[in-house]
Amino acid sequence: MKFCISKEPLFTSLSSVCGVIERRQTLPVLSNLLFTLTLEKLIITGTDLEVELVSSVIEDLEVSEAGDTTLPARKLLDICKNLPDNAKITFSIKNDKATVTSGKSRFSLSTLPAEDFPSLEQISPDTKVNITKGDLKTLFDSTSFAMALQDVRYYLNGLLFEVSPSKIRTVATDGHRLAISDMDKSSGVTAEHQVIIPRKGVIELQRLLDDSDEGISLELSSNHIQVVIGSIRFTSKLIDGKFPDYERVIPVIGDRIVSIDKEILKKALTRAAILSNEKYRGVRFTLTENNLSIQAHNPEQEEAQEEIMINFNQAEFEVGFNVNYLLDAIGCVGEDVVELGFADANSSCLISGSEERNNRYVVMPMRL
Amino acid sequence: MSAKQRKIIHCDCDCFFAAVEIRDNPVLADKPVAVGGTPEKRGVISTCNYIARKYGVHSAMASATAMKLCPKLIILRGDMNKYRVVSQQIIAIYREYTNIIEPLSLDEAFLDVSNSTNCKGSATLMAQEIREKIKQKTGITASAGIAPNKFLAKIASDWNKPDGQFVVLPEEIDDFVAELPVKKLFGVGKVTAEKMTNMGIETCADLQQISNFDLVKKFGTFGDRLYKLCRGIDNREVKTERKRKSLSVENTFETDLQTIEECEEKLEQVYQKLLTRAGRIEELPEIKTLFVKIKFYDFKNTTIECPGHEPDYDVFSELLEKAVKRESKAIRLIGIGVRFKEDGSGEHQMELFE
Chain A
1 MKFCISKEPL
11 FTSLSSVCGV
21 IERRQTLPVL
31 SNLLFTLTLE
41 KLIITGTDLE
51 VELVSSVIED
61 LEVSEAGDTT
71 LPARKLLDIC
81 KNLPDNAKIT
91 FSIKNDKATV
101 TSGKSRFSLS
111 TLPAEDFPSL
121 EQISPDTKVN
131 ITKGDLKTLF
141 DSTSFAMALQ
151 DVRYYLNGLL
161 FEVSPSKIRT
171 VATDGHRLAI
181 SDMDKSSGVT
191 AEHQVIIPRK
201 GVIELQRLLD
211 DSDEGISLEL
221 SSNHIQVVIG
231 SIRFTSKLID
241 GKFPDYERVI
251 PVIGDRIVSI
261 DKEILKKALT
271 RAAILSNEKY
281 RGVRFTLTEN
291 NLSIQAHNPE
301 QEEAQEEIMI
311 NFNQAEFEVG
321 FNVNYLLDAI
331 GCVGEDVVEL
341 GFADANSSCL
351 ISGSEERNNR
361 YVVMPMRL
Chain B
1 MSAKQRKIIH
11 CDCDCFFAAV
21 EIRDNPVLAD
31 KPVAVGGTPE
41 KRGVISTCNY
51 IARKYGVHSA
61 MASATAMKLC
71 PKLIILRGDM
81 NKYRVVSQQI
91 IAIYREYTNI
101 IEPLSLDEAF
111 LDVSNSTNCK
121 GSATLMAQEI
131 REKIKQKTGI
141 TASAGIAPNK
151 FLAKIASDWN
161 KPDGQFVVLP
171 EEIDDFVAEL
181 PVKKLFGVGK
191 VTAEKMTNMG
201 IETCADLQQI
211 SNFDLVKKFG
221 TFGDRLYKLC
231 RGIDNREVKT
241 ERKRKSLSVE
251 NTFETDLQTI
261 EECEEKLEQV
271 YQKLLTRAGR
281 IEELPEIKTL
291 FVKIKFYDFK
301 NTTIECPGHE
311 PDYDVFSELL
321 EKAVKRESKA
331 IRLIGIGVRF
341 KEDGSGEHQM
351 ELFE
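Heads up: the sequence lines are chains A and B, in that order.
Under the working numbering, think of the first position of the first sequence as 1, with each following residue one higher.
Under the working numbering, think of the first position of the second sequence as 1, with each following residue one higher.
In case anyone wonders, no lab produced these hints; they're calculated from the structure.
By construction, the Cβ of each residue, glycine as well, lies at the ideal position given by its N, Cα and C atoms.
Capping the alpha-carbon separation at 27 angstroms, the derived lysine-lysine pairs in DSS-like fashion look like this:
id, chain 1, residue 1, chain 2, residue 2
1, B, K239, A, K279
2, A, K81, A, K97
3, B, K295, B, K190
4, B, K245, A, K279
5, B, K322, B, K293
6, B, K288, A, K279
7, A, K279, B, K341
8, B, K322, B, K266
One side only, chain A facing chain B, incomplete, derived with CB under 10 angstroms:
id, residue
9, R153
10, H176
11, L178
12, Y246
13, E278
14, K279
15, Y280
16, G282
17, P299
18, N346
19, M366
DEER-style ranges, computed between Cβ atoms:
id, chain 1, residue 1, chain 2, residue 2, range
20, B, I91, A, K97, 57 to 67 angstroms
21, B, A60, A, T286, 51 to 61 angstroms
22, B, R244, A, T286, 34 to 44 angstroms
23, B, V216, A, P299, 17 to 27 angstroms
24, B, A60, A, G241, 50 to 60 angstroms
Could you build the full structure based on these sequences and the hints that come with them?
Laid out in structure tokens, this is it:
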């Protein structure tokens, strides 16, 4: 196997697939990338057994001898990154050694056989969702922060992706707060469909998206999601589990609704957070007539108090929250005014923009 | 808290590790037996049977010293996994009586049986049954103390050891503590006991003569606790879940370390051990302090600590150097560890899905 390629197309390709490689590996071959070389193109594959990224390169490629092998991902990426711009790089693989040369640089890397590289099974999609890159990015960015991390309730370690013919929705929750984002767009599906994309898949897919109007098509099978974006093919397994009945935990809010300028609230919370308990992050909200007071204190007995004028004339009450959960949610409201809806000190708070309600956030209180 | 009289049992196996070994190898029954490290490797006795105790052997003694006192002493390596299995069997027996169990070690626990209906509510009979069941199921003997609080129950379990039990009824507390030597009080070690002897205090009755104010002046916050203990008062609850307060590891070296350089060299392996242990804990609490403990060849200890949020090698190395410089003596043991922040904030996040 022998070929020559320019730095730029190779680096672009390597950096788009390398993210999936876990730093600590149980299986040595998973630290490597699969290189499959035909006379016309080079295909580079990376996987962590859950998510697979495949990138094809045809630009600036001269193939002398086709073949396949696997090469250490991280080292190759770092070498490539540090070569001069427009460098020509030659790869020559013999036995279990790969020789990489460029100008006066020469590297000998160890390889592992291509046969040992695990490929995800062929997927046979039964549903196709049409969406733009920008819309998918908005849906993901508005909700993915609320996904659980290594929760025993494994179905929470991912993002619920729900489609119907005229609507797409994403939902994420870690059991303490919940994020929902809706988009009323024709999706091209004929029936309702619900899948849970694992955390890693969501993060890798987010890296491939941008704000453009370019249409993409998500292919879903019963256990995989696949999408081709530019020269990259992304495939992820799906989480096989039942997402909790999230509609049930969205509170029905009566009169205790307050509207607050987003920036004012965000800044006040950020300042109060400085003196909250580093671990629990609790802040106390006290709502009295036309006034919201936010208080925080830490184990060193330092205290913060913020007051914001609001329009409120219900019975006064107190409730505590993890300030990080509030800031995460408020940061995702795409409007200038946020609306906070409360029930009582033991019930969740509903956060959304004051005009559209595409994004809704539910935050459970803390007992302080 | 309700004013209802509590019933606490302190249950403690008799020379646990040694007893398990003798059970599995009955030939040892009439010989002096200990579990611990070998004298060649500068080991320490962790438990020994009563025959060995007659020679003056006791736990935490250097194995070499023990061998001098009792040349026929059989020192066994010990098998923690085996002891753990026995310990689980014993805890299962406790569970038949109450769910409020506070294990202190593999073989020692407090049981709150105040609301238990077994044996018509008689804690004395429950303790009797528990000890019989332990003997039947595991083949080793245990002793128990029964009292209205943890402090008295713990002292009582030592009263008729081995294979016995002792009850302190609520109306007997005053007489019981009056006679009690102060060195039996938890927290009163050699130094405090000496201080007290100098003050003419031998028993709790003597201690009761001193005002709370004077005790605090003399012993600091411990004085307040002493004031209560010498009157048999102890309101601590039996805690089913014990919060981990610190994490530490230590190595005893085959030959004493003479120089700082040698100590530095060994620090690396102790440090790795700490990281491995820390890695095994699922949710590591927030770290408050780092500390280094060293033991000199003459068993004198010194501990030095400083604030810190993560186990930092360089910090341990600095602390070690300071500790070593405190005495110009050869070093037998190096221990390092972290203490955790206490979780007293009372903040609690509520769940969306119960």
